[in-house]
Amino acid sequence: MEWVYFGTSIAILVTMVLAVVRGLIGPTIFDRVLAVNMFGTKTVLFLAVISFLSGRPDFLDLALAYALINFIGVLAVLLFFQSRGVRRDAEAEREADK
Amino acid sequence: MDLLLDIASAILLLTGGFFVFVGGFGVMRMPEFFTRMHAASLTDTGGAALILLGLMLQGGLTLVPFKLAAIFLFLFLTSPTASYALANAALLSGVSTACRNETGAPLPENEVDSADSKPASKSVAKTSASRTSGRKTTAKQAAEQAAPKAAARKASKKAAKKPAGKAAKKPARKAAKKAAGKPAGKKS
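Going down the list, the protein sequences come from chains Y and G. Quick note on our numbering: the first sequence kicks off at 1 and runs consecutively. Quick note on our numbering: the second sequence kicks off at 1001 and runs consecutively.
Derived by calculation from the structure, the hints in this document are not laboratory data. Any given hint could turn out to be false.
[Stated by the list, open to error] Okay, the calculated beta carbon distance ranges per label pair:
{"id": "1", "chain 1": "Y", "residue 1": "ILE25", "chain 2": "G", "residue 2": "MET1001", "range": "29 to 39 angstroms"}
{"id": "2", "chain 1": "G", "residue 1": "ALA1049", "chain 2": "Y", "residue 2": "TRP3", "range": "20 to 30 angstroms"}
{"id": "3", "chain 1": "G", "residue 1": "LEU1003", "chain 2": "Y", "residue 2": "ILE72", "range": "38 to 48 angstroms"}
{"id": "4", "chain 1": "Y", "residue 1": "ILE69", "chain 2": "G", "residue 2": "ASP1002", "range": "30 to 40 angstroms"}
{"id": "5", "chain 1": "Y", "residue 1": "ALA90", "chain 2": "G", "residue 2": "LEU1061", "range": "37 to 47 angstroms"}
{"id": "6", "chain 1": "G", "residue 1": "LEU1061", "chain 2": "Y", "residue 2": "PHE80", "range": "23 to 33 angstroms"}
{"id": "7", "chain 1": "G", "residue 1": "MET1001", "chain 2": "Y", "residue 2": "ALA76", "range": "22 to 32 angstroms"}
{"id": "8", "chain 1": "Y", "residue 1": "ARG84", "chain 2": "G", "residue 2": "LEU1073", "range": "24 to 34 angstroms"}
{"id": "9", "chain 1": "G", "residue 1": "ILE1011", "chain 2": "Y", "residue 2": "SER83", "range": "43 to 53 angstroms"}
Please read all numbers here as calculations on a predicted model, not as lab measurements. Idealized CB from N, CA, C, for every residue including glycine.
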């Protein structure tokens, strides 16, 4: 079974690298947020697979905690940028009114 | 029985790894933001479900499958929420949903760069106007061009579906009042 875990973790690692590249080159801020969210989800999966690969089921607790933190973090960042976009639209309207 | 479980979980894990890889590849290769979100949500549903199910079959009768089930449930509650919030925020700040322009040629990149001080609704004006005139329009002119369009779009969006987001309500109502005289653009 080891090679199956190994292959799966390699696939997840490649995807994490691709997500990081997308986060670095992403043209909009939302591409970067998407990449960070994806990276976090893949980290959860990677920790789960690694806990089986190394035979230490304690890692699953880390995966669970990481999932919680990832979700809260993404939502906080999104709230910040969403309110910024709405505020900028309002400013553009005010400029257009002048 | 053990062999059967091993084979089933190997199939699930390898299929999940394939899904995850394809999703990552799509996030790199897709032309614009919302299609990239589609690719990323593929890894969040197909990849995560298959990998976690495959690991659950290997856990045996211990606490491990329950922890994996907790991770599974949590991921399936949160990833649609995060995707919804992401798409909502992107739509509100005016990320262009077009990956081709009027002549059918693919756009090079999405032009909204929210990291800087440019106005967000610029992309509407930019794709039509300044792609031919070579970036001569300043940010302010582009904002003046784009603002009525954005207001009309918001008004029609508000009319189309009532339950808008909480943060969107106030400016949308204001824009709807303002753009009541203008012809609303597209009503889906």
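Hint check results:
no.	hint	result
1	Y:ILE25 to G:MET1001: 29 to 39 angstroms	49 angstroms, violated
2	G:ALA1049 to Y:TRP3: 20 to 30 angstroms	22 angstroms, holds
3	G:LEU1003 to Y:ILE72: 38 to 48 angstroms	42 angstroms, holds
4	Y:ILE69 to G:ASP1002: 30 to 40 angstroms	36 angstroms, holds
5	Y:ALA90 to G:LEU1061: 37 to 47 angstroms	58 angstroms, violated
6	G:LEU1061 to Y:PHE80: 23 to 33 angstroms	45 angstroms, violated
7	G:MET1001 to Y:ALA76: 22 to 32 angstroms	47 angstroms, violated
8	Y:ARG84 to G:LEU1073: 24 to 34 angstroms	32 angstroms, holds
9	G:ILE1011 to Y:SER83: 43 to 53 angstroms	46 angstroms, holds
Violated hints for the displayed structure, listed by number in ascending order: 1, 5, 6, 7.
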